[in-house]
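K.L.:
Each protein sequence line maps, in turn, to chains A and B. Read left to right, the first sequence gives residues 6 to 519 (this note's numbering). Read left to right, the second sequence gives residues 3 to 395 (this note's numbering).
Worth flagging that the hints you see were computed from the coordinates, not collected in a lab. Just so we're clear, the structure is a prediction, and the values are computed from it rather than from any experiment. Honestly, I wouldn't trust all of these hints.
What the hints assert, rightly or not - DEER-style ranges, computed between Cβ atoms: (1) Gly150(A) - Leu378(B): 49 to 59 Å; (2) Arg461(A) - Ala120(B): 50 to 60 Å; (3) Leu378(B) - Ser93(A): 19 to 29 Å; (4) Ile150(B) - Gly282(A): 50 to 60 Å; (5) Asp161(A) - Ala120(B): 51 to 61 Å.
The beta carbon of each residue, even a glycine, is placed where N, CA and C say it ideally should be.
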Amino acid sequence: MTAAPDQADAPPADSPPLLQVRGLTKVFPGVVAVDAVDLTIARGEIVALLGQNGAGKSTLIQVLSGLYPFGSYSGEVRLNGQLLRCHSVAEAAAAGVAFLAQEVNVAPDLTVAEGLFLNNEPTLFGLIDHPLRQSRAKAALTSFGVELDPSTHLGDLDLASQQLVLIVRALSRNARILILDEPTAALTERETARLFGRMRALRARGIAIIFVSHRLAEVFDISDRIVIMRDGRISGTFRTAETTREAVVDQMIGQHMTSLSVRRETALGVQALEARGLSVADANGREAVTQLDLTVRHGEVLGLFGLLGSGVIEATMALFGASHGHVSGSILIDGQPVVVGSPVEAVAHGIGLIAQDRRDGLSGEHSIYDNVILANLAGFSRGGFVDAVLARRAVGELFDRLQIKAPDVDTLVGTLSGGNQQKVQVARWLAAGTRIMLLIDPTRGVDVGARSEIKRIWTELAEAGCAILLVSSDAEEIVEVCDRVIVLRNGRIAGEIGGSEFSEANILKLAAGI
Amino acid sequence: MKQPNPPADAATPYSRLLKSRALRESTLLLVLLCIWIFFYFATNGTFLTQRNLILLALQTSIVALAAISAVMLIVTRNFDLSVGSAVALIGVVVAVLTVKLRVDPTLAVLVCLLVGLAMGAWQGWWVTKIRMSSFIVTLAGMLYFRGISMIVTNGATVAPLPPSLKQIATGFLSPLASIILIVVTAAAFVAFSAYELVRGMRFGTVTNFQSNLMKVALPAAIAAAAAIWLASSKGVPYLIVLVAVCAIAADILMRRTRFGVQLYAIGGNPEAARLSGINVERVIFTNFVIAGLAYGITGVALTARVSGAIAGSAGLFLELDAIAAAIIGGTSLSGGRGRVFGALLGALLMGSLNNGMSLMNVPTFYQDTARGVVLLLAVAIDQLSRRRSATIR
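Given only the sequences and the hints, what does the whole structure look like? Please build it.
P.N.:
Now the structure itself:
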């Protein structure tokens, strides 16, 4: 549980740096993902790794964490001067490199204690020592300030708590360097603050941390140094205290960016989507949303903001007919009452949804083409037969228009970066001519460059008369893109903000009930 | 990412997906070729005679029919363990109607197709409305379809079928008609491909007409030439025409229709399909109804081939052979991938082993063992080749 004690002592001046990467190059068929990267990281240093989608950040940290076996890349990685020759994540972990992947994947039927010590169980006479495991788990959780019962099932925890368990697990193996891929993507502000507190404590113990993030505020809050990648190379390194957000963003994009904001003035049309007295129960029968009223007009981007558990996601899924629990209240489209009992009906009424988890919205083993045509099979078919030539042309046009970065439309979606996967989802609804779009956390795990590109896309859609409901846990994004926002708290409307009151601080205050 | 090739290659007809599919089926063809060459020498040439190859095709036909519907179900992550029993029950229906009740054979066949559809709808109802796993529903079906067949016939064989029905399995299309059919089919296929390429050129999605057309026309010409050689002395058996018609229809259904796209989408990611507005339940239900139609067709064909209904042993282990053929042919058990053509090759590979080893007088027990090993190796090769291609992230 504790870091190796010798790590706390200041190393002799002539000792090698904790992590030293020299000439690291990783090539995939057709792509040089990481190109001759040199990187040195000292003990007790927190390094933020930034870059646009496809800049090579993920590949770099995956090489460091043993995901690609030794020999499948060129160049060398040294930990405390020792050449790392890891063939798996497990070997890297044993060597002291702990890695936490971006996607939170836990076995839901394990308890917290079982999850923490998975494959590392304390034993007594060859059998698992259950009481010792419970007490160690309790101690580990307490030492990292995570208040969880070790016998809770992981599947009963929310995403943020599951992630904290995984972080505790990664740290509990004598890690000397911790690699986090977007650790805060699923966390609330409070949990993020708690995580950062733990990261600072680790830094004080001499543990180095590399983390990938797209949230500049957090990067400036926690990191000592910012390393920026572009096109597989390190394009810049900054001391966090000596630089500015603008300088960092410029370096990431590789050109001077005039403004992050894409606000515009549009004349609002008639009401497109209206919910009256919408109440939604979750799959367990608990009421998640109570008596929600909202209206989105054509040409409008309405924000729906709420902290974890506030009911924003349940409400949106209900509007799409994809709720797993009981739904009451009425839904009107273009002023007409409609029944939206299933996604089939929602799509028929011209509603499109971009799911919170891209894994729920896309089929990774299928091509861009296969994924894009799904919502508009009727439009691409004649007498039940898909007109592949027509469909390919349409998909090709969207591919070009949205500037999806891939060799062609036959590229497997699973091989694309997060931002490009998100564009594939947008393309699917554009192909279907959808007029009402529901977006749930659409820029989660998407880098700054692709973010502003995606934001520009839906601003254009709104200008073209689409109605957009944007559900986001990022208040900054809401302020930037939306015309107004409805804030939910505990399943009820806490308030609506627009006009001169429209600010991040007001949204967060309303959501938290301050 | 840094791209060694300029992004201009977005317009070229290069396709990783198609390439990997083609690679997989050509690997299978190569394996099949090796096995055939081996048997050619091991049987002193008997294996590769016209006569034996037609026999091989006939022996493979029933499994091939069942494998076609197996592919369709496995693509959506569903299983059908009831095929063998369902086929036996259809056999009982056709035999009782024609032998005992003296019903007109054409009418009897129509009734069989309807009964098959009903059986498929029945199982589909349990899977989609009660939301049971298809594995369980069809496992139960495997037991009670067989049971009902035994109850109705009291375990006795119902035979012999009227000659007109037997004709389905024993008759041949005349050589001239066969050759005309083969040529017309191949020509239609090439013409349709050319038509699509022309439209693609007009839309700018296809750049090189000639090389693309050759990729289609050359294999078609080779296949047609082989088929003409086989048909030149006696013609093509009706049963093989039936298999070909079913296979082509199923392939068009899976790869060219909305329904087919929905099948693959559901198999690839059910949640994504649902959120795209696809009526998953209805598609799966239809999937089972089509499987039911396949029971009808396969049941009549099998009964005609053995000239009577044997409730106890007809179609025994057919479901396993069908699934094996589909898997060898590249259908993914995790869904979203699989083609009818591959399953036909898989069935042919298994059939070739049976036929070749029988010619060599290898005892049955050894044959089963060999087939098991081949199944294991075929899927292993598939897994290994996929791992290599799936390292891109």
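K.L.:
When the structure is checked against the list of hints, which entries are broken? Sort them ascending.
P.N.:
5
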